[in-house]
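There are 2 protein chains.
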Amino acid sequence: MRVLAAQLAEYVGQKVTVAGWVHRRRQLKSVTFVIIRDRSGLTQVVTNDSSVMEQVTEVPEETVVEITGVIMANPQAPAGVELTEPAISFLSDPAAPPPFDIYRPSVTATLPVILDNAPVALRHPRLRAPFEIAAASTAGFRAALERLQFTEISTPKIVRSATESGANVFAIDYFGHPAYLAQSPQFYKQTMVGVFERVYEVGPVFRAEPHDTARHLAEYTSMDAELGFITDHHDVMAVLTEVVTGMIEAARAYVGSALEVLGIELPPLPIGIPEIDFAEAQELIAKNGAEDPRGEPDLAPAHERWLCEWALREFDSQFLFVTGYPMAKRPFYTHPDPQRPEYSNSFDLLFRGQELVTGGQRLHRYSDYLAALTARNENPANYATYLAAFEHGMPPHGGFAIGLERWVSRLMMADNIRYATLFPRDIQRLEP
Amino acid sequence: MRVLAAQLAEYVGQKVTVAGWVHRRRQLKSVTFVIIRDRSGLTQVVTNDSSVMEQVTEVPEETVVEITGVIMANPQAPAGVELTEPAISFLSDPAAPPPFDIYRPSVTATLPVILDNAPVALRHPRLRAPFEIAAASTAGFRAALERLQFTEISTPKIVRSATESGANVFAIDYFGHPAYLAQSPQFYKQTMVGVFERVYEVGPVFRAEPHDTARHLAEYTSMDAELGFITDHHDVMAVLTEVVTGMIEAARAYVGSALEVLGIELPPLPIGIPEIDFAEAQELIAKNGAEDPRGEPDLAPAHERWLCEWALREFDSQFLFVTGYPMAKRPFYTHPDPQRPEYSNSFDLLFRGQELVTGGQRLHRYSDYLAALTARNENPANYATYLAAFEHGMPPHGGFAIGLERWVSRLMMADNIRYATLFPRDIQRLEP
Numbered sequence: 008m009r010v011l012a013a014q015l016a017e018y019v020g021q022k023v024t025v026a027g028w029v030h031r032r033r034q035l036k037s038v039t040f041v042i043i044r045d046r047s048g049l050t051q052v053v054t055n056d057s058s059v060m061e062q063v064t065e066v067p068e069e070t071v072v073e074i075t076g077v078i079m080a081n082p083q084a085p086a087g088v089e090l091t092e093p094a095i096s097f098l099s100d101p102a103a104p105p106p107f108d109i110y111r112p113s114v115t116a117t118l119p120v121i122l123d124n125a126p127v128a129l130r131h132p133r134l135r136a137p138f139e140i141a142a143a144s145t146a147g148f149r150a151a152l153e154r155l156q157f158t159e160i161s162t163p164k165i166v167r168s169a170t171e172s173g174a175n176v177f178a179i180d181y182f183g184h185p186a187y188l189a190q191s192p193q194f195y196k197q198t199m200v201g202v203f204e205r206v207y208e209v210g211p212v213f214r215a216e217p218h219d220t221a222r223h224l225a226e227y228t229s230m231d232a233e234l235g236f237i238t239d240h241h242d243v244m245a246v247l248t249e250v251v252t253g254m255i256e257a258a259r260a261y262v263g264s265a266l267e268v269l270g271i272e273l274p275p276l277p278i279g280i281p282e283i284d285f286a287e288a289q290e291l292i293a294k295n296g297a298e299d300p301r302g303e304p305d306l307a308p309a310h311e312r313w314l315c316e317w318a319l320r321e322f323d324s325q326f327l328f329v330t331g332y333p334m335a336k337r338p339f340y341t342h343p344d345p346q347r348p349e350y351s352n353s354f355d356l357l358f359r360g361q362e363l364v365t366g367g368q369r370l371h372r373y374s375d376y377l378a379a380l381t382a383r384n385e386n387p388a389n390y391a392t393y394l395a396a397f398e399h400g401m402p403p404h405g406g407f408a409i410g411l412e413r414w415v416s417r418l419m420m421a422d423n424i425r426y427a428t429l430f431p432r433d434i435q436r437l438e439p
Numbered sequence: 008m009r010v011l012a013a014q015l016a017e018y019v020g021q022k023v024t025v026a027g028w029v030h031r032r033r034q035l036k037s038v039t040f041v042i043i044r045d046r047s048g049l050t051q052v053v054t055n056d057s058s059v060m061e062q063v064t065e066v067p068e069e070t071v072v073e074i075t076g077v078i079m080a081n082p083q084a085p086a087g088v089e090l091t092e093p094a095i096s097f098l099s100d101p102a103a104p105p106p107f108d109i110y111r112p113s114v115t116a117t118l119p120v121i122l123d124n125a126p127v128a129l130r131h132p133r134l135r136a137p138f139e140i141a142a143a144s145t146a147g148f149r150a151a152l153e154r155l156q157f158t159e160i161s162t163p164k165i166v167r168s169a170t171e172s173g174a175n176v177f178a179i180d181y182f183g184h185p186a187y188l189a190q191s192p193q194f195y196k197q198t199m200v201g202v203f204e205r206v207y208e209v210g211p212v213f214r215a216e217p218h219d220t221a222r223h224l225a226e227y228t229s230m231d232a233e234l235g236f237i238t239d240h241h242d243v244m245a246v247l248t249e250v251v252t253g254m255i256e257a258a259r260a261y262v263g264s265a266l267e268v269l270g271i272e273l274p275p276l277p278i279g280i281p282e283i284d285f286a287e288a289q290e291l292i293a294k295n296g297a298e299d300p301r302g303e304p305d306l307a308p309a310h311e312r313w314l315c316e317w318a319l320r321e322f323d324s325q326f327l328f329v330t331g332y333p334m335a336k337r338p339f340y341t342h343p344d345p346q347r348p349e350y351s352n353s354f355d356l357l358f359r360g361q362e363l364v365t366g367g368q369r370l371h372r373y374s375d376y377l378a379a380l381t382a383r384n385e386n387p388a389n390y391a392t393y394l395a396a397f398e399h400g401m402p403p404h405g406g407f408a409i410g411l412e413r414w415v416s417r418l419m420m421a422d423n424i425r426y427a428t429l430f431p432r433d434i435q436r437l438e439p
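Line by line, the protein sequences are chains R and W.
Its first residue numbered 8, the first sequence is counted upward by one per residue in our numbering.
Its first residue numbered 8, the second sequence is counted upward by one per residue in our numbering.
FYI, nobody ran anything at the bench for these hints, they're computed from the structure.
Glycine included, each C-beta is placed from N, C-alpha and C at the ideal position.
It cannot be assumed that every hint is accurate.
Stated by the list, open to error - Derived contacts from chain W toward chain R, CB cut-off under 7 Å, selection only: (1) I95; (2) F97; (3) D100; (4) P105; (5) V127; (6) S161; (7) I165; (8) P185; (9) G263; (10) L266; (11) R347; (12) H399; (13) R432.
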């Protein structure tokens with residue numbers, strides 16, 4: 008029976024077997040230390056037996072071994088215990104040297120080296136930690152929505168037309184016919200409100216982003232939700248607040264050590280996220296900022312940063328809702344503000360200086376869709392199967408999408424989203 | 008405040024608001040009934056008010072309405088209560104007639120009509136139910152693996168080479184370079200065992216299946232798991248048994264009404280799934296069946312059916328493990344049986360007449376990979392980033408993949424897997 012590093016303190020005085028990767032060897036004159044890494048942590052193995060000491064010289068770092076020995080208390084060792092009288096056997100061939108030292112507390116490799124060697128590089132506890140946080144966040148996202156009676160769905164990633172935005176889609180050869188990779192599950196999740204009322208999906212989305220930046224990916228994980236029978240976008244924002252709360256709580260509950268390795272301080276639970284209207288936000292920035300943003304249909308990155316600093320100062324909140332964006336820059340299915348038809352029932356959720364979530368109320372009347380598409384010189388016939396749902400009766404509804412990698416990247420304040428992406432895809436990179 | 012159909016019994020004598028789709032109108036001479044459908048069930052609304060009766064004539068089935076009225080007990084009504092003195096308001100435009108009657112207990116449409124009109128057709132409770140079972144099964148899959156300390160990962164669906172099988176891949180134009188849609192997360196989940204030890208993923212996989220059958224899809228949801236530090240494939244089978252148990256338990260706990268609508272009897276919890284060796288299974292079939300399968304490297308569908316009947320008869324089990332398939336028909340990364348190198352440490356899990364899961368132990372030594380690829384006349388250089396993980400030390404490991412749609416399809420004994428697929432993709436179908 009294998010015992011994990013984290014459980015060893017319960018076995019003082021007993022003979023146990025541990026297994027894992029040789030994290031580090033320290034061979035002194037009369038004593039040799041071997042640190043074994045497993046999924047739960049590190050185990051210190053110590054020996055002064057000359058034949059074992061000699062054997063260790065043939066066990067390079069990253070080799071996988073199984074070691075049986077006696078656990079002894081030692082306050083100097085990583086977990087307060089160490090394994091003594093070791094008998095070592097190999098579970099893998101002797102490992103080739105890794106592209107950089109996995110055992111050093113800090114990461115000595117550059118991002119390209121890390122990405123090129125991801126299968127090995129991600130073994131470094133600091134590089135692995137973001138993905139433990141991602142897994143916990145996803146679990147928190149799902150748990151919050153399950154509590155609210157949302158149904159999980161799987162929608163197709165191969166789609167017939169590039170209708171949502173037209174640009175930046177990947178084309179595929181579908182049995183000799185043209186097809187595309189879905190940029191979002193937007194149309195499907197809306198129509199599924201007609202079936203389940205409340206739906207969510209966690210899955211890949213694809214953007215043929217021609218930009219090579221620290222923020223863009225060609226494939227990322229979108230966490231989507233959509234719900235019916237809302238009054239307006241504030242009902243959607245209330246669900247999103249619960250979801251973000253669930254994600255933070257899950258990270259705290261499940262991956263404390265990953266947070267610690269990265270020195271992440273989680274934001275306080277967002278009880279009552281402050282909200283500012285888009286037009287008021289622009290006025291505020293105009294009064295206080297260098298540059299007057301009024302007349303612009305969207306917020307520039309600098310404005311988002313300014314507003315986040317303002318929300319932190321005024322409300323002690325790391326989150327801020329901006330509502331009522333102009334219709335002009337929002338997609339055709341956006342529901343207008345009934346009082347101010349130039350503005351929309353939409354929102355962005357800003358977090359630590361960046362937009363984290365976009366969402367809002369959607370149109371739900373068939374007649375409104377026909378009018379909206381016609382006004383944009385689009386042919387409703389190109390949207391026939393999507394529009395069928397509205398023609399056959401849909402409730403007022405809305406939803407949102409969170410980019411998983413962006414969320415983790417903001418939590419850890421990474422300077423590049425690729426630190427939060429297992430195997431990034433971008434204009435330069437298709438491997439590993 | 009909206010009250011759901013399932014909660015109405017708690018509101019007898021009170022004025023409440025319900026909202027949903029007009030499921031069915033029954034307009035008699037002196038009384039009109041309207042059945043409202045929401046995500047929890049059906050509400051009977053009754054009125055003899057002539058102005059409301061007239062209003063109902065203008066509210067076609069599938070129109071979305073909000074109705075306020077007083078809840079009264081009525082043992083004849085669906086949930087023992089009905090809504091009286093209704094005041095009706097529209098939440099959608101009056102709905103166009105659906106492609107077939109959503110309100111009839113049985114489905115009167117053919118499969119092509121259902122698929123062509125999925126956004127509306129899936130509102131039928133019998134057609135919606137499989138997806139509620141799918142959602143619960145997925146939750147059960149994840150919960151079982153989380154209990155066993157597996158980490159959820161997201162691996163890329165756009166990949167550089169079609170290495171796993173070579174055939175039946177979808178090609179994409181990746182910024183002017185050729186790329187492919189991943190047929191499985193196999194290589195990624197294996198390398199991530201080197202990082203997390205135990206990983207799982209629920210996500211889309213893509214097969215350019217040229218077959219137009221009741222069992223094949225071009226895109227489906229694969230539930231993948233992989234774990235390190237195993238002795239052999241029996242450790243993987245033990246995890247799979249817990250996972251299948253979790254999936255059944257979740258369906259029972261969360262979606263009882265969906266099971267009831269479809270008349271599904273769940274299999275008993277599979278405590279100790281019987282196991283038969285491939286060669287022994289062939290002998291058994293040869294002794295009892297019409298056709299002698301010996302010498303064949305795989306089981307034919309008829310043999311799988313025969314074995315399932317045998318397991319039900321002999322062990323009262325709807326599940327059966329077949330182990331030790333010949334190496335010849337298994338992929339290059341399959342671990343041989345150390346005692347019989349022509350046979351493998353692999354397994355299939357059969358369920359109700361079909362293969363449900365394929366899995367096994369994988370090779371883990373770098374030298375074994377080089378030998379296996381060379382023996383198959385493959386160039387190891389084409390697998391460089393995958394092989395890097397093994398070169399740098401990997402433990403003995405194995406895993407399995409369950410097709411979500413096939414699982415649900417078998418549970419409901421559907422004659423076509425498309426009844427368990429929201430928006431199927433196949434050689435004929437790319438829409439909706």
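Legend entry - Broken hints, by number: 1, 2, 8, 9, 10 and 11
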